[in-house]
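Numbered according to my numbering, the sequence shown spans residues 1043 to 1855.
Mixed in with the good hints there might be a few duds.
Subject to a maximum C-alpha distance of 25 Å in a straight line, what follows is the list of computed BS3-like cross-link-like pairs (lysine-lysine) [as the list claims (entries may be wrong)]:
id: 1; residue 1: Lys1298; residue 2: Lys1563
id: 2; residue 1: Lys1348; residue 2: Lys1432
id: 3; residue 1: Lys1103; residue 2: Lys1072
id: 4; residue 1: Lys1490; residue 2: Lys1424
id: 5; residue 1: Lys1103; residue 2: Lys1158
id: 6; residue 1: Lys1797; residue 2: Lys1490
id: 7; residue 1: Lys1708; residue 2: Lys1601
id: 8; residue 1: Lys1678; residue 2: Lys1554
id: 9; residue 1: Lys1131; residue 2: Lys1072
id: 10; residue 1: Lys1611; residue 2: Lys1708
id: 11; residue 1: Lys1424; residue 2: Lys1373
id: 12; residue 1: Lys1849; residue 2: Lys1831
id: 13; residue 1: Lys1842; residue 2: Lys1728
id: 14; residue 1: Lys1373; residue 2: Lys1348
id: 15; residue 1: Lys1451; residue 2: Lys1207
id: 16; residue 1: Lys1131; residue 2: Lys1114
id: 17; residue 1: Lys1114; residue 2: Lys1103
id: 18; residue 1: Lys1708; residue 2: Lys1678
id: 19; residue 1: Lys1122; residue 2: Lys1072
id: 20; residue 1: Lys1649; residue 2: Lys1182
id: 21; residue 1: Lys1182; residue 2: Lys1225
id: 22; residue 1: Lys1611; residue 2: Lys1563
id: 23; residue 1: Lys1348; residue 2: Lys1309
id: 24; residue 1: Lys1600; residue 2: Lys1708
id: 25; residue 1: Lys1182; residue 2: Lys1122
id: 26; residue 1: Lys1298; residue 2: Lys1309
id: 27; residue 1: Lys1298; residue 2: Lys1373
id: 28; residue 1: Lys1118; residue 2: Lys1131
id: 29; residue 1: Lys1842; residue 2: Lys1820
id: 30; residue 1: Lys1563; residue 2: Lys1600
id: 31; residue 1: Lys1831; residue 2: Lys1766
id: 32; residue 1: Lys1309; residue 2: Lys1766
id: 33; residue 1: Lys1797; residue 2: Lys1824
Because the hints were derived from the structure by calculation, they are not lab data.
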Amino acid sequence: MKRTVLLFCGLSCAAFVTAQDYQRTDYGIKATVDAVDVEVQFFTPSMVRVVKSPHGESFRKESLSVVALPEKVGFKVGTKDGAIVMGTKELQVSLDTSTGALSYETADGRHLLAEKPAEKPFTPFDDAGDATYNVYQAFKLETDEAIYGLGQLQNGKMSQRGQVKNLVQGNVEDVSPFIQSTKGYGLFWDNYSPTLFTDNASETSFRSEVGDCMDYYFMYGGDADGVVAQVRHLTGEVPMFPLWTYGYWQSKERYKSQGETVGVVRKYRELGVPLDGIIQDWQYWGHNYLWNAMDFQNPQFNNPRKMIDDVHAMNAHMAISIWSSFGPATKPYRELADKGLLYDFRTWPASGTESWPPNMEYPSGVRVYDAYSPEARDIYWKYLNEGIFKLGMDAWWMDSTEPDHLDFKPEDMDTKTYMGSFRKVRNAYPLMSVGGVYDHQRAVSSDKRVFILTRSGFLGQQRYGANVWSGDVGSSWETLRKQVPAGLNFSLCGMPHWNNDIGGFFAGQYNKSWNDGTAPKNPLYQELYVRWLQFGAFTPMMRSHGADTPREIYQFGKKGEPVYDAIEKMIRLRYSLLPYIYSTSWEVTHRQSTFMRALVMDFPRDKKVWNMNDEYMFGKAFLVAPVLEAQYTPEKVVKVDEESGWNRDNAGKADERVHVDFMQQKSAEVYLPAGTAWYDFWTNEKMEGGRTVTRATTLDIIPLYIKAGSIVPLGPDVQYATEKPWDNLTLRVYPGADGSFVLYEDEFDNYNYEKGAYTEISMAWDDSSRRLTLGARKGEYKGMLQSRKFTVLLPDGRQKAVSYNGKKVSVKF
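Use the sequences and the hints to build the structure in full.
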């Protein structure tokens, strides 16, 4: 978020005394303390960069995450009580000249954060022949302070206090060395090597394996939204995604022919169940030696253009799996190898054969490419563009962007990349690989927005049209529970687009035998899948995917049966919310908002929500409390004999009879945050916040509540996102507080919005006068609705129709 440069300081001039040895620069100061050179740069009045290095040593630091440049910020500097003190209207920064430790306060003197003096901030280190350092900095946090972030972890924690975590990219954990606090500040440790994060009673610290210098950014946002705005200003804003990407996606590991892939879309259309995206997983290229050829060499995919055209003819879109590695028989491999742009460590798949376990008498020879190299990224796109994009492919599923690293050996980290050792830049690999595809597609096309589904992320990736999923997680209730705080903490790092495999990836334990695909008939998996899908409906991407068993709705039964009906109900609810979701997407892009909102974002004064890991806001209106515990079946995973209806233990012995009545009513407890009234979405019952309520549930119902003052637009019943115009939306208005909403529309899948081709219709509810005002329409775009109707609906059932032609109009109840 751009801020106005202020030309005065929050410190009184009387605070400044005789200057000590420091150099004032255009953006801050430079000083040397205890043989450490310290530079403080103001990027905005509320954000500073701190760089420390051993005295007299020159270095060149190129940030991979940061895209902002320091602004000319009005600040004053002087000394006080042995410290160099710098101040803007929003922030005070003090450098203790005896210890070199920095501390941060608001302009009015409220303490935010302080460094803890480090005895050994720099430890000499030989990084594959380059003389460099291990770098370390500790900070002092208050005892009752909660912190969030670090990327997406699978620890089930909301607040990340009290842990030691080695931050290194993996399949199911995506790390970013960023935290934000309930005190309203954020801290980005700008380092890409494996980093040990420690939080205990004595310190909160980052210790990175490689660093020519210590480099971090401190930002004060006042609240969580403010911090998110700051970190996006620093590392990149979020582009708009196409409307269709917010519809329902179907996938599995894997559709084995183009007929099967197209057939899934056709079946959804025949059933009348909404669908917008289909994903083609791996091996459309053929055998493993052709891994990621970016070419359709599998005879089962002999006419890929027709496959894509057939999907488009049914008004659906398609994404396809691409990887960060290449098999030795592929054209990209040969060109990259000739230029020394492939790594030597082992990656997936291990074997050239498809048997399991891998037959290592036939190693695959697959190698990861050097995504840090501009030339390598150019080569990657060349083959992707010629082999797939020009056929009309809509989106990319960039798998293994962490990347996969099998049989890890310490010396693997010595691998040379374009930017130094792999150790030095290891965690930024997904940022570079995803960014390469985004930048290249944007360079050749503006008619189709870039959409990338990817398995790993690093801070800054939000600027690249990427939605990160949580990797190949297991199918279990415990894993489902962990996905909620994983997605919330990832979002609190400023990366708003996140999703997970609905149903979990590894579902084989629910089959009669591991890979026979019978899990959708198993009541244990049916319940888990439905609850996971209900959670997925309130994430930025609703995508069903996994191995071992199919996930299409028709695998779970037929219309009129409780499991099928529960799945269909939630998909249809997702589509009715598309006007709300797409307008929220605009808030994310245009006003630095967030889809999945930890409750602390909207209710920071209610300390009961600071560490709440099982509820969240979806946009500003919906309180989502997914059912995360089994209510109808045991959570313990046991095999099911479908014919006899008996559960079987690991030895195959039947131990208990399965009796599941999914029509029974159950219940779940929900905490309603204080400071507002809430409405039950399903019944419209109103209740006050600040208390725990018991909500009746059934298989097709999860607790959903709407905050008083909300305006929620509901769209038409459709089979795909753009099937019908939004010419008669229902506006659900929830009294009890003043409220507002901005309905956003554009051409839905190009970049003309960047040129101003969009409309906004502001809506305001005045609670005291019971009046809803629709403001004059702002903006225009080709094909927009010139006039429309809105049906305004209150919780008590009263409703009024409003004709709207772009001019201000109001309706009173």
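Verification of the supplied hints:
Among the hinted pairs, Lys1298 with Lys1563 is consistent with the structure: their alpha-carbon atoms are about 22 Å apart, no more than 25 Å. The hinted pair formed by Lys1348 and Lys1432 meets the criterion: a straight-line CA distance of about 13 Å does not exceed 25 Å. Pair hint Lys1103 plus Lys1072 holds up; C-alpha atoms about 17 Å apart against a cutoff of 25 Å. Note on Lys1490 and Lys1424: the hinted pairing holds, with a Cα-Cα distance of about 18 Å set against a maximum of 25 Å.
As the CA atoms of Lys1103 and Lys1158 are separated by approximately 24 Å, the hinted pair is consistent with the 25 Å bound. At roughly 15 Å between alpha-carbon atoms, Lys1797 and Lys1490 fall within 25 Å of each other, so this suggested pair holds. Proximity of Lys1708 to Lys1601 is assessed by CA-CA distance (about 22 Å); at most 25 Å being required, the pair is judged to hold. In summary, the hint linking Lys1678 to Lys1554 is supported, as the alpha carbons are separated by about 15 Å, within the 25 Å threshold.
With a C-alpha separation of about 21 Å, the suggested pairing of Lys1131 with Lys1072 holds against the 25 Å cut-off. Using a Cα cut-off of 25 Å, the hinted pair Lys1611 and Lys1708 holds, with the two alpha carbons roughly 18 Å apart. This hinted pair checks out: Lys1424 and Lys1373 have alpha carbons roughly 11 Å apart, not beyond 25 Å. At most 25 Å may separate the alpha-carbon atoms for a hinted pair to count; Lys1849 and Lys1831 meet this at roughly 13 Å.
For a cut-off of 25 Å, the pair hint linking Lys1842 to Lys1728 stands: about 21 Å separates their Cα positions. This hinted pair checks out: Lys1373 and Lys1348 have alpha carbons roughly 24 Å apart, not beyond 25 Å. A hinted pair counts as satisfied when its Cα atoms are at most 25 Å apart, and Lys1451 with Lys1207 qualifies at roughly 20 Å. At most 25 Å may separate the alpha-carbon atoms for a hinted pair to count; Lys1131 and Lys1114 meet this at roughly 14 Å.
For the hint linking Lys1114 to Lys1103, the alpha-carbon distance of about 21 Å falls within 25 Å, and the restraint holds. Taking the CA atoms of Lys1708 and Lys1678, the gap is near 19 Å; set against the 25 Å cutoff, the hint holds. For the proposed pair Lys1122 and Lys1072, the alpha carbon gap of about 17 Å is at most 25 Å, so the pair holds. Restraint check for Lys1649 and Lys1182: the C-alpha separation of about 21 Å stays at or below 25 Å, so the hint holds.
Straight-line distance between C-alpha atoms of Lys1182 and Lys1225 comes to about 13 Å, which keeps the hinted pair within the 25 Å bound. Among the hinted pairs, Lys1611 with Lys1563 is consistent with the structure: their alpha-carbon atoms are about 19 Å apart, no more than 25 Å. Restraint check for Lys1348 and Lys1309: the C-alpha separation of about 18 Å stays at or below 25 Å, so the hint holds. Of the supplied pair hints, the one linking Lys1600 and Lys1708 holds, its CA atoms being roughly 23 Å apart against a limit of 25 Å.
Between Lys1182 and Lys1122, the direct Cα distance comes to roughly 21 Å. Compliance with the 25 Å bound is thereby established for this hinted pair. A distance of roughly 16 Å separates the Cα atoms of Lys1298 and Lys1309; the hinted pair therefore holds under the 25 Å criterion. Taking the CA atoms of Lys1298 and Lys1373, the gap is near 23 Å; set against the 25 Å cutoff, the hint holds. Proposed proximity of Lys1118 and Lys1131 is supported: the alpha carbons are some 10 Å apart, at most 25 Å.
Simply put, Lys1842 and Lys1820 have alpha-carbon atoms about 24 Å apart, close enough for the 25 Å limit, and the pair holds. The hinted pair formed by Lys1563 and Lys1600 meets the criterion: a straight-line CA distance of about 12 Å does not exceed 25 Å. Simply put, Lys1831 and Lys1766 have alpha-carbon atoms about 14 Å apart, close enough for the 25 Å limit, and the pair holds. Restraint check: the Cα-Cα separation between Lys1309 and Lys1766 comes to about 21 Å, which is no more than 25 Å; the hinted pair holds.
For the given pair, Lys1797 sits about 12 Å from Lys1824 by alpha-carbon distance, which is consistent with the 25 Å threshold.
Violation of the numbered hints given earlier is absent; every hint is satisfied by the structure.
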